[in-house]
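Asks: Sequence:
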Amino acid sequence: MSSTLTPEREGTRDDQDDAERDRLITDSLQTSQRRAEGVKLRRGLTFLLMTLVLPGSAQVAAGNRRLGRAALRVWAGLWVVAVLAGLFVLVSRSAAITAITAPGTLRVIQVLLVVLGVGWALLFLDAWRISSPPEMARRHRLGFAALSLGLAFAVVIGLVASANVVSAQRELVSTVFAGGGDKAAKAGRINILLMGGDAGADRTGLRPDSMTVASVDQETGRTVLISLPRNLEKAPFPASSPLHKKFPKGFDCPNDVCMLNAVYTYAMAHKELYPKVKNPGAQATKEAIEGVTGLTINYWSLIDLKGFEDLVDALGGITMDVYRKVPIGGGPTHPIYGYVEAGKNRHLDGKEALWFARSRSDSSDWDRIVRQKCVMNAMLNQLDPVTVLTKFNGIASASKEIVATDIPGSQVSTMLDLAQKAKTKPVGSLAIVPPLLKKPADPDFPKIQAAIAEQIQKSEAMDEPKPSASAAPAGNASASAKPKKSSSGSSSSDPAKKGVDTSNLSKVCSA
818 MSSTLTPERE GTRDDQDDAE RDRLITDSLQ TSQRRAEGVK LRRGLTFLLM
868 TLVLPGSAQV AAGNRRLGRA ALRVWAGLWV VAVLAGLFVL VSRSAAITAI
918 TAPGTLRVIQ VLLVVLGVGW ALLFLDAWRI SSPPEMARRH RLGFAALSLG
968 LAFAVVIGLV ASANVVSAQR ELVSTVFAGG GDKAAKAGRI NILLMGGDAG
1018 ADRTGLRPDS MTVASVDQET GRTVLISLPR NLEKAPFPAS SPLHKKFPKG
1068 FDCPNDVCML NAVYTYAMAH KELYPKVKNP GAQATKEAIE GVTGLTINYW
1118 SLIDLKGFED LVDALGGITM DVYRKVPIGG GPTHPIYGYV EAGKNRHLDG
1168 KEALWFARSR SDSSDWDRIV RQKCVMNAML NQLDPVTVLT KFNGIASASK
1218 EIVATDIPGS QVSTMLDLAQ KAKTKPVGSL AIVPPLLKKP ADPDFPKIQA
1268 AIAEQIQKSE AMDEPKPSAS AAPAGNASAS AKPKKSSSGS SSSDPAKKGV
1318 DTSNLSKVCS A
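For the numbering used here, count along the sequence shown from 1 and bump the result up by 817.
Because the hints were derived from the structure by calculation, they are not lab data. Watch out, some of these pointers could steer you wrong.
Quick list of in silico lysine-lysine cross-link-like pairs, BS3-like style, CA-CA up to 27 Å [claimed, not checked]:
hint	residue 1	residue 2
1	Lys1240	Lys1003
2	Lys1088	Lys1066
3	Lys1066	Lys1255
4	Lys1062	Lys1256
5	Lys1066	Lys1051
6	Lys1255	Lys1051
FRET-style restraints, in silico, Cβ to Cβ [stated by the list, open to error]:
hint	residue 1	residue 2	range
7	Asp1280	Ser1327	20 to 26 Å
8	Ala1056	Pro1243	33 to 39 Å
9	Ala1002	Ala919	19 to 25 Å
10	Pro1152	Ala899	52 to 58 Å
11	Thr1136	Ala899	34 to 40 Å
12	Gly1155	Ala919	44 to 50 Å
All C-beta atoms, glycine included, are put in the ideal place defined by N, C-alpha and C.
With the hints as extra help, turn the sequences into a complete structure.
Replies: Here it is in structure tokens:
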């Protein structure tokens, strides 16, 4: 039995076949279009990646080849310079850092970073252009444009931010490290006078109420901090000092007002005595400290205690043991309004660190000296390169306002090296306090100088090789015997009898 289709059914079947054929053609065209759109997007993304990894390569591949080759040459030149700089640092680290941190070099680097940032951003925009964004699918255009602009913006912001860090470094070196000190080691040591100044509205001029000499072994970095009381009188000046003629018997005057911290104010009021010196007060104080300690001071550094808070905050605070509760405020103009609470591994912000170091309430000058050295020790231990680099702008900004020194910029790398060495060893401590100093108005300077020399000698002896027991000749008991006390109970090896603190600061400052 044969079946036949009516004309109506035959027309319906043809229509279905035509529709299926049209659908297949449409799907094929859409698939081809999506593939083409994907190819165009991948091509554009490849150009952006090429520009990110190898600036100029996208232009060489599909754009202005002359521009691309120029960019590639610049990129290659930068890598060559970077490799040479790295080799320079490996061969002569100090010379490399000195050259790189010179203000002129930093200015060139600063300008170069800005130019590179702008040029690199333009290469990203050109990579977007040669990707033919109008030919991309509409849904891809906006995202691709946003990615291109984002990458361009990121490189500009990153390199301009780097230029700002370089600018801060240049201004810091130019403003703070004015130079004028003496880089030659004295008996193998670099002696640095650290002063904490306090210039308040209720005070006449700036007075360094905190004075500490950091005596650092040039080879090992082992450090001794020697603290001097602000109220020490009759400080002698070296014969070379302009103030020696004014005060041949030491800085002394009626009513006990010629204290050690007043030397700075006096010299600043008589600048004619130091006609070629940028900071007569600091220079005069350095000379007075030399007379007191018997040490030759290489450099001085002055920190305004009112700005010290900003410096600590720029570091992100400091962590240290607070061995006792210390008032915040106090005195005729600052009522007590809080406390730095005692505790182990306490994180102090700038205000707490400042008051822990300077508070006079419920305290003596001797206790204050110890607290100041504890803060110095904590900062020394926490000033690592990562902290400095990540927070450099804030540190530099604070430092320009509160720090002055005669350390030249060319010696910054040397000081950093010494600081890194010092971090690996316990810091020795000597405070000129009773019984070493019986009366601030009548100090025994030979006794003070002998105690300082002994403490430095003990510090240096810690790095000397220990003699073996077999090194002593047989039967020679005196060769290995320890010094014995005399009948009076005193001994040159018993520094406690002379007021010397033989403990390292980590122990002194522990809670």
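Asks: Indicate, hint by hint, whether the structure satisfies it.
Replies: Cross-check of the supplied hints:
Distance check on the hinted pair: lysine 1240 and lysine 1003 sit about 21 Å apart at the alpha-carbon level, within 27 Å; holds. Distance hint between lysine 1088 and lysine 1066 is fulfilled; the C-alpha atoms sit about 21 Å from each other, no more than 27 Å. Between lysine 1066 and lysine 1255 the CA atoms are separated by roughly 19 Å; this keeps the pair inside 27 Å, and the hint holds. Of the pairs offered as hints, the one joining lysine 1062 and lysine 1256 holds, with about 25 Å between alpha carbons and a cut-off of 27 Å not exceeded.
For the suggested pair lysine 1066 and lysine 1051, the alpha carbons sit about 7 Å apart, so the restraint of at most 27 Å is met. Simply put, lysine 1255 and lysine 1051 have alpha-carbon atoms about 14 Å apart, close enough for the 27 Å limit, and the pair holds. For aspartate 1280 and serine 1327, the Cβ-Cβ distance of about 23 Å falls inside the hinted range of 20 to 26 Å, so the restraint holds. Judged by the Cβ atoms, the range 33 to 39 Å given for alanine 1056 and proline 1243 holds: they are separated by roughly 37 Å.
Between alanine 1002 and alanine 919 the C-beta distance comes to about 23 Å, which sits within the given range of 19 to 25 Å. The hint said 52 to 58 Å for the Cβ distance between proline 1152 and alanine 899, and at roughly 57 Å that hint holds. Checked against the hint of 34 to 40 Å, the C-beta distance between threonine 1136 and alanine 899 comes to roughly 35 Å, which is consistent with it. As the Cβ distance of glycine 1155 to alanine 919 is approximately 45 Å, the hint placing it in 44 to 50 Å holds.
Checked against the numbered hints listed earlier, the structure breaks none of them; every hint is satisfied.
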